[in-house]
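Hey, can you work out the whole structure from these sequences and the hints?
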Amino acid sequence: MDVAASLHATDGLIAIQGLETLRAKQFLGTRFSADFVIPEDYAGPLTLSPNAFAGDLVSGPEVTIKVRPRTPPKDLIASQRHYFSTLPTTDHVQMYAKGRYADGVERDLSSSAAGTIYASSNPAVVSVDREGSCTVIGSGLAVITIDNGGVRDFVTFAVDGGNPFQAIDLSDQVAIQRGSLQVESNPRVMRTHHQQVTIKNTTALPLPGPLFLEIFGLPERIITYGGNGRGRYQLTLPRDG
0 MDVAASLHAT DGLIAIQGLE TLRAKQFLGT RFSADFVIPE DYAGPLTLSP
50 NAFAGDLVSG PEVTIKVRPR TPPKDLIASQ RHYFSTLPTT DHVQMYAKGR
100 YADGVERDLS SSAAGTIYAS SNPAVVSVDR EGSCTVIGSG LAVITIDNGG
150 VRDFVTFAVD GGNPFQAIDL SDQVAIQRGS LQVESNPRVM RTHHQQVTIK
200 NTTALPLPGP LFLEIFGLPE RIITYGGNGR GRYQLTLPRD G
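Numbering (numbering that gives the first Met the number 0), first residue to last: 0 to 240.
It is worth saying that the hints were derived from the structure and are not from the lab. There could be a bad hint or two in this list.
[To be verified] Cut-off 27 Å, straight-line C-alpha distance, at most; resulting in silico cross-link-like pairs (DSS-like, lysine-lysine):
1) LYS97 <-> LYS65
2) LYS97 <-> LYS73
3) LYS24 <-> LYS65
4) LYS73 <-> LYS199
[Said to hold, decoys possible] Taking CB as the label site, the calculated pair distances span:
5) ASP171 <-> THR85: 24 to 30 Å
6) SER170 <-> ALA118: 22 to 28 Å
7) THR63 <-> THR85: 36 to 42 Å
Computed from a predicted model, the values in this text were never measured in an experiment. By construction, the Cβ of each residue, glycine as well, lies at the ideal position given by its N, Cα and C atoms.
Structure representation (structure tokens):
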């Protein structure tokens with residue numbers, strides 16, 4: 000920090016926001032410096048506030064530096080992965096993410112200063128700014144991608160437009176494959192059919208939930224677990240078996 004020649008400064012310090020305060024070294028009356036080591040687990044904006052003592056405290060201009068890890072994280076983890084909202088709403092949701100590194104260190108990577116990038120798959124439903132602040136705009140589904148050094152995690156939003164909420168068909172985003180069919184027959188009770196079905200997401204993004212599988216056109220009097228007995232069947236996903 001340079002001190003104006005008209006001041007008679009006797010000491011100085013540099014405050015590091017959220018960390019520590021450094022006393023001046025090599026103080027010459029018109030200039031001083033200080034040094035420190037950035038903590039190993041720190042990432043994001045680091046604000047330095049220089050101050051000099053010249054009878055009263057004289058503050059210099061703040062300086063913010065961006066601290067970015069040299070290597071991408073091994074894993075990037077969002078603090079919460081699913082959000083549900085109902086319109087009308089003025090919800091603003093802040094994204095938070097931490098990175099886990101190969102040496103066991105964890106860092107808060109929520110800020111863009113840490114090299115994190117946010118993007119929305121559907122800005123008409125949920126928009127997101129460069130600092131991860133999300134705004135709910137319309138009804139539908141949206142996925143927020145959080146990226147740091149090519150390592151990603153995803154946050155899904157399902158926004159209900161009112162009552163009743165109309166389900167959104169995601170059939171064009173999945174591949175459905177029919178597997179084996181097993182028949183168990185008991186003349187005293189009924190004949191049971193077990194149909195194996197595999198559903199695979201074909202997109203690069205996760206499918207926002209909650210997810211349901213609906214089956215139509217079943218013959219009358221077919222009894223299904225979760226069905227209505229009139230040709231319609233619904234179950235909640237994911238489901239084992």
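- Query: Are the Cα atoms of LYS97 and LYS73 separated by 27 Å or less?
  - Reply: holds (11 Å)
- Does the alpha-carbon distance linking LYS24 and LYS65 stay inside the 27 Å limit? holds (24 Å)
- Message: Against the 27 Å threshold, does the CA-CA distance of LYS73 and LYS199 hold or violate the hint?
- Response: Given pair LYS73, LYS199 holds - Cα atoms ~26 Å apart, limit 27 Å.
- Query: Taken at face value, is the distance from the CA of LYS65 to the CA of LYS97 at most 27 Å?
  - Reply: holds (16 Å)
- Taking the CB of SER170 and the CB of ALA118, does the distance hold inside 22 to 28 Å? holds (25 Å)
- Per the hint of 36 to 42 Å, is the separation of the Cβ atoms of THR63 and THR85 within bounds? Holds, since THR63 and THR85 (Cβ atoms, about 38 Å apart) stay within the stated range.
- Task: Starting from the hint 24 to 30 Å, judge whether the C-beta atoms of ASP171 and THR85 obey it.
- Result: This hint holds: roughly 26 Å between Cβ atoms.
Of the hints listed earlier, there is not a single one the structure fails to meet.
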